[in-house]
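**Q** Order-wise, the sequence lines are chains A and B. Under numbering that gives the first Met the number 0, the letters of the first sequence match residues 0 to 131, in that order. Under numbering that gives the first Met the number 0, the letters of the second sequence match residues 0 to 165, in that order.
By construction, these hints were calculated from the structure, which means they are not laboratory data. Because the structure is a prediction, the values reported are computed rather than measured. Treat the hints with care, since some could be wrong.
Unchecked claim - Taking lysine-lysine pairs in the DSBU-like style, the calculated list, with each CA pair at most 35 Å apart, reads:
id, chain 1, residue 1, chain 2, residue 2
1, B, K62, B, K143
2, B, K153, B, K143
3, B, K143, A, K30
4, B, K91, A, K30
5, B, K143, B, K91
6, A, K30, A, K90
7, A, K30, B, K62
8, B, K161, B, K62
9, A, K90, B, K143
10, B, K161, A, K30
11, A, K30, B, K153
12, A, K90, B, K62
13, A, K90, B, K91
14, B, K143, B, K161
15, B, K62, B, K153
16, B, K91, B, K153
Said to hold, decoys possible - FRET-style restraints, in silico, Cβ to Cβ:
id, chain 1, residue 1, chain 2, residue 2, range
17, A, L71, B, R54, 44 to 52 Å
18, B, D144, A, G66, 45 to 53 Å
19, B, I69, A, N32, 49 to 57 Å
20, A, K30, B, G65, 31 to 39 Å
21, A, Y8, B, G65, 42 to 50 Å
Beta carbons: idealized from backbone N, C-alpha and C, even for Gly.
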Amino acid sequence: MNWAEIGTYFAAICLFVGAFFALVGTFGLIKLNDSMTRLHAPTKVGTMGIGMILLASMVYSFVQGQGSLHELLIMAFLFVTAPISANFISKVNIHRRSCDTPPELAKTEEWSTLVQREEDAGAHPEQTLSKG
Amino acid sequence: MIRFFNWLFPHPFLTLLMAVVWILLQNEFSWGMAVFGVILGVIIPRLTANWWPDRPQGFRIVKMIGYVLIVLWDIIIANIEVAWIILTRRNKNLRSVWITIPLDLRSPEAITILAGTITLTPGTVSADMSNTGHHLLVHALDAKDPDAVRDDIKSRYEARLKEIFV
Numbered sequence: 000m001n002w003a004e005i006g007t008y009f010a011a012i013c014l015f016v017g018a019f020f021a022l023v024g025t026f027g028l029i030k031l032n033d034s035m036t037r038l039h040a041p042t043k044v045g046t047m048g049i050g051m052i053l054l055a056s057m058v059y060s061f062v063q064g065q066g067s068l069h070e071l072l073i074m075a076f077l078f079v080t081a082p083i084s085a086n087f088i089s090k091v092n093i094h095r096r097s098c099d100t101p102p103e104l105a106k107t108e109e110w111s112t113l114v115q116r117e118e119d120a121g122a123h124p125e126q127t128l129s130k131g
Numbered sequence: 000m001i002r003f004f005n006w007l008f009p010h011p012f013l014t015l016l017m018a019v020v021w022i023l024l025q026n027e028f029s030w031g032m033a034v035f036g037v038i039l040g041v042i043i044p045r046l047t048a049n050w051w052p053d054r055p056q057g058f059r060i061v062k063m064i065g066y067v068l069i070v071l072w073d074i075i076i077a078n079i080e081v082a083w084i085i086l087t088r089r090n091k092n093l094r095s096v097w098i099t100i101p102l103d104l105r106s107p108e109a110i111t112i113l114a115g116t117i118t119l120t121p122g123t124v125s126a127d128m129s130n131t132g133h134h135l136l137v138h139a140l141d142a143k144d145p146d147a148v149r150d151d152i153k154s155r156y157e158a159r160l161k162e163i164f165v
């Protein structure tokens, strides 16, 4: 066994693990039945699934003798942007009341998604959404 | 001299980060590109400094690296746990709850990193903040004891972030 072979096997194992977690994440998206719990499944694909596949790509590029570090950047950008989309989806869920209502806070505080502004007063939630 | 240094590098870490990202984007190292990356890293933070007046002043890079390693390790562990839950647990047996986390952090940058960390760790998603910025709303997929999850997040992530942003 030389280094090239070890690297190839390592890349293969990484690909397998990444594909497994992507599969479980997709399965969770089908299986879970509540809009908030369903949000938990894609976070797994976004971290472990993509991360392992990118690691395999990086290791294999070094085995081939033309090393590439672009994958580190892809991973960094994914890790920075993924929480924002998850946050937006959960805010929409709270707005549409399609999940349990969050617990109440002490009297002077409110969840910022649920703050009633004056122009929203009396409007139906769906109408507020479609107005954008 | 120190004032000139602070004027030229309003955010030294950002300068370093931009230079490294520029070199990584090239995907092969050459000195010309490295110098150009450093030039970009000096010019862009200098030009944008006026729009970021209350940027965090102290930032400990060494502790940040330790924090990133801890988070990566937690992501791997939590991935396996959540995969096991999805594959073996019935939907009606899931104990998914909202968790309210009182925040000690006040700097917006630190709270952003904390919320991002919570979302990246499978099993918890940060959903909302209170209008005063003193509480964070987190949704947990399966929590036997919500208070334990809250204390875990506070002691494991928030305490470390408080040391990073001084």
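**Q** Each hint: holds or not?
**A** Do the hints match the structure? See the list:
1. B:K62 with B:K143: 31 Å, holds
2. B:K153 with B:K143: 17 Å, holds
3. B:K143 with A:K30: 21 Å, holds
4. B:K91 with A:K30: Roughly 11 Å between the alpha carbons, so the hint for K91 (chain B) and K30 (chain A) holds.
5. B:K143 with B:K91: Holds - the C-alpha atoms of K91 (chain B) and K143 (chain B) are around 14 Å apart, at most 35 Å.
6. A:K30 with A:K90: Holds, at roughly 22 Å.
7. A:K30 with B:K62: The given pair, whose Cα atoms are some 40 Å apart, is violated under the 35 Å limit.
8. B:K161 with B:K62: 11 Å, holds
9. A:K90 with B:K143: With Cα atoms ~24 Å apart, K90 (chain A) and K143 (chain B) stay inside 35 Å; holds.
10. B:K161 with A:K30: Answer violated: K161 (chain B) to K30 (chain A) is near 38 Å, above 35 Å.
11. A:K30 with B:K153: The given pair, whose Cα atoms are some 31 Å apart, holds under the 35 Å limit.
12. A:K90 with B:K62: 32 Å, holds
13. A:K90 with B:K91: 24 Å, holds
14. B:K143 with B:K161: Cα-Cα ~27 Å, so holds.
15. B:K62 with B:K153: Answer holds: K62 (chain B) to K153 (chain B) is near 17 Å, not above 35 Å.
16. B:K91 with B:K153: Holds, at about 29 Å.
17. A:L71 with B:R54: 44 to 52 Å: With a Cβ separation near 25 Å, L71 (chain A) and R54 (chain B) fall outside 44 to 52 Å, so the hint is violated.
18. B:D144 with A:G66: 45 to 53 Å: 46 Å, holds
19. B:I69 with A:N32: 49 to 57 Å: Violated, since I69 (chain B) and N32 (chain A) (Cβ atoms, about 33 Å apart) do not stay within the stated range.
20. A:K30 with B:G65: 31 to 39 Å: Holds: the Cβ-Cβ distance is about 36 Å, inside 31 to 39 Å.
21. A:Y8 with B:G65: 42 to 50 Å: Given a distance of about 31 Å, which is not inside 42 to 50 Å, the answer is violated.
Of the numbered hints stated above, those contradicted by the structure are hints 7, 10, 17, 19 and 21, listed in ascending order.
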